[in-house]
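Taking the hints into account, I'd like the entire structure generated from these sequences.
Protein chains: 2
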Amino acid sequence: MKDVQSLGEALDRGERRAVARLITWAERNDPRAYEVIGTRYAKTGRAFVLGVSGPPGSGKSTLTESFIRKLRSEGQRVGVIAVDPTSPFTGGAVLGDRVRMNDHATDREVFIRSMGTRGHLGGLSKATSAAILALDLYGCDTIIVETVGVGQSEVDVMRVCDCTLMVMVPGLGDEIQAIKAGVMEVGDVFVVNKSDLDGARRTARELRAMLDLNHGDWRPPVEQVIASQGEGIELAWAAIDRYRAFMAEEERALQRRQESVKYELLGLIQTAIIERATQSRPHIELIDQLCAQIAERTLDPYRALQHLISTLFDLETTSSR
Amino acid sequence: MKDVQSLGEALDRGERRAVARLITWAERNDPRAYEVIGTRYAKTGRAFVLGVSGPPGSGKSTLTESFIRKLRSEGQRVGVIAVDPTSPFTGGAVLGDRVRMNDHATDREVFIRSMGTRGHLGGLSKATSAAILALDLYGCDTIIVETVGVGQSEVDVMRVCDCTLMVMVPGLGDEIQAIKAGVMEVGDVFVVNKSDLDGARRTARELRAMLDLNHGDWRPPVEQVIASQGEGIELAWAAIDRYRAFMAEEERALQRRQESVKYELLGLIQTAIIERATQSRPHIELIDQLCAQIAERTLDPYRALQHLISTLFDLETTSSR
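Protein chains in written order, with our numbering: chain A, 1 to 321; chain B, 1001 to 1321.
Just so you know, not all the hints are guaranteed correct.
Claimed, not checked - Straight-line distance between alpha carbons at most 16 Å, and here's what the computed EDC-like set of lysine to aspartate or glutamate pairs gives: (1) A:43 with A:141; (2) A:262 with B:1288; (3) A:262 with B:1285; (4) B:1262 with A:288; (5) A:262 with B:1275; (6) A:262 with B:1300.
By construction, these hints were calculated from the structure, which means they are not laboratory data.
Rendered as structure tokens:
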């Protein structure tokens, strides 16, 4: 516990290394991370958390980098978490060392970190949430969470953000068009990046048409940008600001926060159950036994599940008394 | 229970509508699906299940369609499940009605179905597994499971397949290169599609170089194809067959099956816990209460989790006695 205390104190003093260590703990699912963050939770919630998502090749990193530059020019402290869910087995964060981000490598007011999963289900969003809280405690004014793709783990991550920016590009083919329909529901603000390419205006128009079908109170704006040239960045950020102003009305932000907390909590339960099931010897043996029977088709998975759950619950109850 | 019996009987008679109904039940997380499939589980495991994954725009559907044509020419009964995890909130399966797949719409020996999530965590892979079993019971010789993207939910889905084919394309940019490192670990066979485009040979060469770094017993082959023209389809399928032959040695297939069953079972536990937590009134109220406190920052999520878990376990034990 000495480690927990000294890291907590270093964090309170605003030491950069303490944040890095804390995020590493979270990534490794080290309980000390949650001890440090949990006891400081009341101090969190000050940072604005922006999610940036979109298909591969849409230029999310370039856009993020433009935002960093803009926010730094306003004197903000900025945190960036690049979430990389593509390597669930080894936990490598492939997108880590982005060349362009290196522009900010020596800027002490910018904290960039990439995160991968550590091989257990649900681990990525748990670790990402913790990293957001760590950067919040460090005093970041804005935290940008960048994810690649639009799968479930990205949605999990996007759910904890205050605002989600969806990055589209012209002409990525039919499948991207299909994906759009999915991201409609998570995007609060849309940009069409690489708007110097053919078809940018059409993509923006189609997006708007699709968004018109939504019947919420908020109609997500669609802005055209060329992130690589810094064009449209102010417009895009103004749209984000409009969303923030909208959410500030009528306690909408609190509502959103409650919903995302609920989603997060349910994710945490799932992760916790898996940890329980896979960390005690009798549980591990039981699971191996059941799996062998299922693989041989002498037991079906649904019956195995019933058996496993009742065992897990009984064992837990016994051991906690 | 009459429904369960009559559907089971219709399925045993080989009625196509019964399969469709069964998959719909699974998609809605209707327990009847698991009743029908669970009692017939011993009869499953005959179909060969091929996963097809890769980034958006890589031409997975076109490739799948080429495979369907090839397998049909051999007289096989073919099932296709197009998994669409992009719309977790409404459960819409956007990729459903693919124009090209319509070629097979009137072929009674081809069963094509798209699946989306139904809004609950873990639901997609649970439903997909059930759909695979349903098509297996229907007598499909080969079942192709197509997913878009490389997120966690896709990996969950790929894990239940007998062989995973990764579809790459030339020149999709740096981010795709990064993704490759992630998919290395799930891909058993690789194809570079659209090999008439510039850089196809380079992409294939780079893939091989990356795969050489792996130290498993199986070195995944890389084949170049042009799915839209049917070129390389036989080569690609031959590579898949080599993988099957390899897996047939030394009980590797059983080992793989046991691992995937374990993974699946852990996923099922997670899903079951969420169902428990969100279906009883006192649990729902407790969760809402905890979430309100977390949102107000008077309680931290990790402490809330502890409280929730102990309550869930105790309540369950009490109610089951």
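These are the hints, each one checked on the structure:
A C-alpha spacing of about 13 Å is found between residue 43 of chain A and residue 141 of chain A, which places the hinted pair at or below 16 Å, so the restraint holds. Simply put, residue 262 of chain A and residue 1288 of chain B have alpha-carbon atoms about 7 Å apart, close enough for the 16 Å limit, and the pair holds. Simply put, residue 262 of chain A and residue 1285 of chain B have alpha-carbon atoms about 12 Å apart, close enough for the 16 Å limit, and the pair holds. With a C-alpha separation of about 7 Å, the suggested pairing of residue 1262 of chain B with residue 288 of chain A holds against the 16 Å cut-off.
In summary, the hint linking residue 262 of chain A to residue 1275 of chain B is supported, as the alpha carbons are separated by about 14 Å, within the 16 Å threshold. A distance of roughly 12 Å separates the Cα atoms of residue 262 of chain A and residue 1300 of chain B; the hinted pair therefore holds under the 16 Å criterion.
The structure meets every hint from the earlier list without exception.
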